[in-house]
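Trainee: One letter stands for each residue in the lines below.
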Amino acid sequence: MSSGTTATPNSSRRLKAWLLSDSPESVFHARCQRFYLGWRAFSTNPIAMIGLLIIVSLVLTAAFAPLLTQGNGTEQHLSDRLLAPSGDHWLGTDELGRDIYERIVWGARITLYIVGLVGILVVPIGLVIGTVAGYVGGWVDNVLMRFTDIFLAFPRLILALAFVSALGPGIENAVLAIALTTWSPYARLARAETITIRNSEYIMAARLQGASGLRILYGHIAPLCISSVIIRLTLDMAGIILTAAGLGFLGLGAQPPLPEWGAMISTGRQYLLDQWWVATIPGIAIFVVSLGFNLLGDGLRDVLDPKSGSAG
Amino acid sequence: MANSGGSIVPGTGLGPSPHLLAARAANLLFTLTLTFVGLTAITFIIGRVMPADPVLSIVGDRASKEVYEAMYIELGLDKPLIQQYLIYLMNVLQGDFGKSIMTTRPVLDDIIRFFPATFELASVATIAGILIGVPMGVVAAVHQGRLIDHIVRVVGLIGYSVPIFWLGLVSLLIFYGWLGWLPGPGRIEVYYDGIVDPTTGFILIDSAMQKEWEIFRNALSHIVLPASMLTTFALAYIARMTRSFMLDQLNQEYVITARVKGLSELAVIWRHAFRNVLIQLITIIGLTYASLLEGSVLTETVFAWPGIGQYITNSLFNADMNAVIGGTVVVGICFVGINMISDALYRIVDPRAR
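Chains R and G are the protein sequences, given in the same order.
Taking our numbering, the leading residue of the first sequence gets 1, the next gets one more, and so forth.
Taking our numbering, the leading residue of the second sequence gets 1, the next gets one more, and so forth.
Just chain R, with the same shape it has in the complex:
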């Protein structure tokens, strides 16, 4: 790892030569090269680049929300209720006189929070169940996969609805409900990957060296499953955002006064015909972000999984 970092030259030409040389000198060098080649393929795909741009701006908006706005999106100015978009309030104000632009900006944080938390919950569950089932095989595999199939067979939104209704509304419970209904495809994916890796020679070598089953699973197999799991997660992100927004819209997700986009649409609904901006503008934000994740996921799949590229 260390020898590569010192070799970084100043001129971009030498950097490029270093990135494209045929004989990588270290693991770090090889990784940089792989990343660079992947990036070159990725960056020629305009659709994926648009997606990346959207997601990067979402992250930046969330990070710099205090700089982009004056308040935190929850201050009420009852004298400025339901104002149309203007120079003072770019996107108008809602029924409590809160600036919609500010609420959209702060809502980016909530969206990222939900998406991140679901990812953090779902990936480990899927990886553990999938890799164990695939590596151990036999009745363990059978039991775990039957269990996974049960969750896979369920209607997701309805199950999430039932979960939230039992747990009580709230952003954490919405995250939990979404995670409980989305982990199963990851377990299937990780299992399929594990089965193809399980019998390869370097796993045999690791076993010969006396590595324990746990070490093989988490040192050798799980890291290889991660890339396909990440692609799947990117493709699922849009679905997660839409489900979270749907729960928010039904009043089961983030609770007021949090500026969650789905909940904003829900409150704006009663002013739809006269003050259209209250309900419609947050929806545009949801749409743009989930489109961004879909474009990015599509592009990533083209780059990282050339088999399904043009056919998908």
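Just so you know, the hints here were simulated from the structure itself, not pulled from any lab data.
Don't take every hint at face value.
[Unchecked claim] One-sided excerpt, in silico: chain R residues whose CB lies under 8 angstroms from chain G:
{"id": "1", "residue": "I150"}
{"id": "2", "residue": "A153"}
{"id": "3", "residue": "F154"}
{"id": "4", "residue": "I158"}
{"id": "5", "residue": "L159"}
{"id": "6", "residue": "L161"}
{"id": "7", "residue": "F163"}
{"id": "8", "residue": "A179"}
{"id": "9", "residue": "G213"}
{"id": "10", "residue": "A245"}
{"id": "11", "residue": "L273"}
{"id": "12", "residue": "W277"}
{"id": "13", "residue": "S290"}
{"id": "14", "residue": "L291"}
{"id": "15", "residue": "D298"}
[Unchecked claim] Across the chosen pairs, the derived CB separations fall in these ranges:
{"id": "16", "chain 1": "G", "residue 1": "V154", "chain 2": "R", "residue 2": "A63", "range": "25 to 33 angstroms"}
{"id": "17", "chain 1": "R", "residue 1": "L214", "chain 2": "G", "residue 2": "S64", "range": "54 to 62 angstroms"}
{"id": "18", "chain 1": "G", "residue 1": "I82", "chain 2": "R", "residue 2": "T196", "range": "33 to 41 angstroms"}
{"id": "19", "chain 1": "R", "residue 1": "I230", "chain 2": "G", "residue 2": "A208", "range": "48 to 56 angstroms"}
{"id": "20", "chain 1": "G", "residue 1": "T104", "chain 2": "R", "residue 2": "L82", "range": "36 to 44 angstroms"}
{"id": "21", "chain 1": "G", "residue 1": "R275", "chain 2": "R", "residue 2": "A63", "range": "50 to 58 angstroms"}
{"id": "22", "chain 1": "G", "residue 1": "R271", "chain 2": "R", "residue 2": "I226", "range": "39 to 47 angstroms"}
{"id": "23", "chain 1": "R", "residue 1": "V59", "chain 2": "G", "residue 2": "E66", "range": "55 to 63 angstroms"}
{"id": "24", "chain 1": "R", "residue 1": "T196", "chain 2": "G", "residue 2": "G184", "range": "48 to 56 angstroms"}
{"id": "25", "chain 1": "R", "residue 1": "V59", "chain 2": "G", "residue 2": "I174", "range": "27 to 35 angstroms"}
{"id": "26", "chain 1": "R", "residue 1": "G38", "chain 2": "G", "residue 2": "L93", "range": "49 to 57 angstroms"}
{"id": "27", "chain 1": "R", "residue 1": "G213", "chain 2": "G", "residue 2": "Y72", "range": "45 to 53 angstroms"}
Ideal Cβ positions, reconstructed from N, Cα and C, are used throughout, including at glycine.
Given the structure of chain R, go ahead and fit chain G onto it with the hints provided.
Mentor: Chain G only, in chain R's frame:
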């Protein structure tokens, strides 16, 4: 997919042995039972175990100790959990989901009353999705990499990305609020309500059968917007899958053979390649249909459509757990059932999968 081969290989003439068929049927039955047990177990946990105190949610916090104890025993909460679950399972098998607090009627009766509306909506949307999505996918595959292909791809991604409930509100705003072309929420105008006898429960079919054309037109104008919302999703999914299946087929050698024979491009595409796609599409259409049945929850809320989705959400806000759980189980069973049927159908139609 297991059937990446070329055209349909003719069967051996003998067909699968009865022994194999029996084994497959047993396996299917086992999977079905297991899924059902899983579904009821999860809904049981949601309904009976997770709420802080199921007794309190029924008797209220002002009830005396005696009333509380009586309800505790009546609900069977003094019994072991596994026994409680078995009682629940027996009740569900007999179609007994308890009574709805909101409507004070058995939950199953409510569901039977609300279900046709959802079914009608999902059916119209699926049919529209097939009629538009399949040709879109085929055209995109034939013109792979060209402008029309990119347009179809982007339309598909938009269909996946748009929040359906928001699209519903926007379309209500434009077509009902601003333009006044289409009626507002609801399934039918109030003054037409209850005129047609609910033979099938589908207002469109009932009114057409009874030649009530005015009601038919009214119902049709009401269904256009909500069905279009669901169609957006169905269309995106069907077009995308059709395109990918079609590309698979167009790269097969039998297509080259057909072209070498001098067949017209239309014949090659529709009579040769598309026929094989058609079989694969059965599974996709089944999946779409099932997901529309559940996906109609948000659409029904936006359009005040009196279907099962609205029933579940309304019950949810009235803390009517029996109704929520009953609705979830029924939708879950339909969801699993439709997927199983489309899978079985696929096996019947495609000789290679037998």
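Trainee: Give a verdict on every hint.
Mentor: Verification of the supplied hints:
1. A distance limit of 8 angstroms between C-beta atoms decides the matter here; for I150(R) the minimum to chain G is near 3 angstroms, and the interface restraint holds.
2. Annotation: interface hint on A153(R) holds; nearest CB of chain G at approximately 5 angstroms, less than 8 angstroms.
3. Below 8 angstroms, beta-carbon pairs count as interface contacts, and F154(R) has one with chain G at about 6 angstroms; its hint therefore holds.
4. For the restraint placing I158(R) at the interface with chain G, the shortest Cβ-Cβ distance is roughly 5 angstroms, inside the 8 angstroms limit, so the hint holds.
5. At its closest, the beta carbon of L159(R) sits 7 angstroms from a beta carbon of chain G; the interface hint therefore holds under the 8 angstroms criterion.
6. A distance limit of 8 angstroms between C-beta atoms decides the matter here; for L161(R) the minimum to chain G is near 7 angstroms, and the interface restraint holds.
7. Of the supplied interface hints, the one on F163(R) holds, with its beta-carbon coming within about 6 angstroms of a beta-carbon of chain G, less than 8 angstroms.
8. Contact between A179(R) and chain G, as hinted, is not supported at the beta carbon level, the nearest pair being about 14 angstroms apart and thus beyond 8 angstroms.
9. A least Cβ separation of about 28 angstroms between G213(R) and chain G goes past the 8 angstroms threshold, and the interface hint is therefore violated.
10. Against a cut-off of 8 angstroms between C-beta atoms, the interface hint on A245(R) holds, since the closest Cβ of chain G lies about 5 angstroms away.
11. Of the supplied interface hints, the one on L273(R) holds, with its beta-carbon coming within about 5 angstroms of a beta-carbon of chain G, less than 8 angstroms.
12. Using the Cβ-Cβ criterion of 8 angstroms, the hint placing W277(R) at the interface with chain G is not satisfied: the shortest such distance is roughly 11 angstroms.
13. The restraint placing S290(R) at the interface with chain G holds, with a minimum CB-CB distance near 4 angstroms, inside the 8 angstroms limit.
14. With a cut of 8 angstroms, the hint placing L291(R) at the interface with chain G holds, because the nearest CB-to-CB distance is about 4 angstroms.
15. The restraint placing D298(R) at the interface with chain G holds, with a minimum CB-CB distance near 7 angstroms, inside the 8 angstroms limit.
16. Between V154(G) and A63(R) the C-beta distance comes to about 29 angstroms, which sits within the given range of 25 to 33 angstroms.
17. The supplied range of 54 to 62 angstroms is met by L214(R) and S64(G), whose beta-carbon atoms lie about 56 angstroms from each other.
18. Checking the proposed 33 to 41 angstroms range against I82(G) and T196(R) shows it holds: the Cβ atoms sit about 39 angstroms from each other.
19. Checking the proposed 48 to 56 angstroms range against I230(R) and A208(G) shows it holds: the Cβ atoms sit about 51 angstroms from each other.
20. Hint check: T104(G) to L82(R), Cβ distance near 40 angstroms, so the stated range 36 to 44 angstroms holds.
21. Checked against the hint of 50 to 58 angstroms, the C-beta distance between R275(G) and A63(R) comes to roughly 53 angstroms, which is consistent with it.
22. Evaluation of the 39 to 47 angstroms hint for R271(G) and I226(R) yields a pass: the beta carbon distance comes to about 45 angstroms.
23. In this structure the hint that V59(R) and E66(G) lie 55 to 63 angstroms apart at CB holds, the actual value being about 58 angstroms.
24. Taking 48 to 56 angstroms as the suggested C-beta distance range, the pair T196(R) and G184(G) conforms, at roughly 55 angstroms.
25. Our hint of 27 to 35 angstroms for V59(R) and I174(G) holds, since their Cβ atoms are close to 33 angstroms apart.
26. In this structure the hint that G38(R) and L93(G) lie 49 to 57 angstroms apart at CB holds, the actual value being about 54 angstroms.
27. Separated by about 47 angstroms at the C-beta atoms, G213(R) and Y72(G) satisfy the suggested range of 45 to 53 angstroms.
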